[in-house]
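Colleague: With the hints as constraints, model all of the structure from the sequences given.
Number of protein chains: 2
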Amino acid sequence: MTMTISTIGILGGGQLGRMLALAGYPLGLRFHIYDPAPDAPAGHLAEHIAAPYDDMAALEHFGACVDVVTYEFENVPVMTARALERFVPVLPPPTALEAAQDRLVEKRFFQTLGIPTAPFAPVDDRVSFEAALAQIGLPAVLKTRRLGYDGKGQAFLHDATAAKTAWNELGGQPLILEGYVAFARELSVLAVRGHDGAIACYPLVENLHRGGILRRSIAPAPALDPEVQALAETYARRILEALKYIGVLAIELFEIKHPPRDMEGQATQPRLMASEMAPRVHNSGHWTIEGAVTSQFENHLRAISGVPLGITDACGYAAMVNIIGELPDVAALLALPHTHLHLYGKAARPGRKIGHVTVCADTREELAGRLARVEEIVEQ
Amino acid sequence: MTMTISTIGILGGGQLGRMLALAGYPLGLRFHIYDPAPDAPAGHLAEHIAAPYDDMAALEHFGACVDVVTYEFENVPVMTARALERFVPVLPPPTALEAAQDRLVEKRFFQTLGIPTAPFAPVDDRVSFEAALAQIGLPAVLKTRRLGYDGKGQAFLHDATAAKTAWNELGGQPLILEGYVAFARELSVLAVRGHDGAIACYPLVENLHRGGILRRSIAPAPALDPEVQALAETYARRILEALKYIGVLAIELFEIKHPPRDMEGQATQPRLMASEMAPRVHNSGHWTIEGAVTSQFENHLRAISGVPLGITDACGYAAMVNIIGELPDVAALLALPHTHLHLYGKAARPGRKIGHVTVCADTREELAGRLARVEEIVEQ
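Protein chains in written order, with my numbering: chain A, 15 to 394; chain B, 15 to 394.
What the hints contain is simulated information worked out from the structure, not anything from laboratory work.
Treat each hint with caution, since some may be false.
What the hints assert, rightly or not - Which stretches of chain B does chain A cover? Using the computed rule of at least three CB atoms under 8 Å from a CB of chain A, they are: (1) 27-41; (2) 56-68; (3) 346-357.
C-beta: ideal position from N, C-alpha, C; glycine also.
Modeller: Given below as structure tokens:
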């Protein structure tokens, strides 16, 4: 038996598409990238169709060039994915896109699967905003239901004045109000499901955000209770199976270390809450390129190509640091041992992810030392 | 400081060029490939100029597109490299190409550096063939001085009849007669020298050839005397410094485990003899992609880009198995744990290297078990 999938189409040509292609060439795959931006990073190393997501003729041509279509960007219009399905399999299934693109749909989906979330309420107008505030209380977070990323389209409501300001800024579009969760840390789980229904999960990762942007991930997450790993895997499995998902899925989670307890000593909050999911490879999984037996990129491609999944075990300890805004001193970074540079071929711009660095080590102590040296060079 | 080299030109677009590009995109590099073959494997993922090696206009255009030129194929005409030098730096220096392209020049070069080789003599005509046979004795190997690879252009002379047959087959072109060395095994050393003169060597590798084609490499070479590693590094250093080399160089070596001794007990043969060198990344270094901290491909690019070299330590144990002729059962291979597939995007053809597999392990025993399972699937 040989692989029957030989050409992959990717909707979106950013760094995730680029790293998918880099992982896929060694598997003998070829790539066509569909991205409206003429300078899309993945376009440097694959066939690139630069056309709008609603250009039906370009989509049909794209579909005819490839054996399967996937996406690296969760805001690809669902209509685009649906249109392509008429010509070629689209994986993960577009229902996953639908579930992930709207924060309200996503939260309700978690709810139906018994996956805890922060309290939430839909906000469509001022009346429902007031009702939501009354229901959820403060502090809370007001978010656009669609198209938010890297902290954009969100406002933190610490008091009534902030609520008013936030309404003035964000009101007039579909919103969601989420209760603020005093979480100990943010974790994420990357899971992959193959054609045959096999599921594998990577070790949980601890993520550090600042200004709404992921700065750093540490893998495996330090001092993690194995029960928390198991719980996260249970949630991932429910989502993957409910969606008949094929490919890599990321779920961002809040860990609550010391849940408040009622008078009988029962925890009144779960230990883990799902924050959001991404139906694609994910920034918090970049460490897997050097830090796991099989990278998230390779496993996504294995899944959508219908070949067996690779092992998701970590090899020692790894930390991933995003390079944001401008290029650091590359020669200084490359002089650090056990440090792996990944640049995306993107122009520098404030707040833009233009690369990442992964450091690997055999012990936590070694990792901490190496990470400190990287963070001296990669200013954030 | 940031890298001033951003676009690399590669002469030759085979699997070595392809793996260079795959290693270089994460460093933020871009690639232009120069290869006469329109379907060159590296052309799938980089800009490709398909023109003959003597097309001066195409070469000038190529030179204008890139910041530095390197080569992945040691039979690139020296004239091509020299022509490009007028427009752009060419690294490793073309003198290394000259030294490696002619087996006689190469052996004499080793000699001047005090690096042992098998006994050899030039063969230009029947008279010098007879003289060489008288000097070297039998068994011996008659080889073309130029353009041999994968065992092509060679004949093993076990007796006078074989010598006659070989002459009929190969005579009439510049040849070299080499004494047969009863070596215990073939080793190779990969060394890299940076812009600043820093040199790093990978652990020696044990290579298994069959029919003149490399079948398997094991890294680090099992049961290796540290003195042999040190000796190989000394030889590599002499070559790199003599050539003012920049980039990765491979040297194939014969190890003689029990050298014959004279009446006073002194060894009459050295423990290591240089067989040949390749001024480029090398098949016996493919294991470094997963099996070393920094791959040979990344280190070659670091060297020619003028940034610090990466660590050449092995991570545990690795074995590399070439996929020759036809595609094995890819799904079965991918089902094996700790097994990494590398296909080159080449059509199957008898005797052609179309990919390789690397297996990694923490112990020699684990490696042996995993290698056995790979070799059941990859028939050679």
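Colleague: Tell me, in ascending order, the numbers of any earlier hints that this structure violates.
Modeller: Of the numbered hints given earlier, the structure breaks none, since each of them holds.
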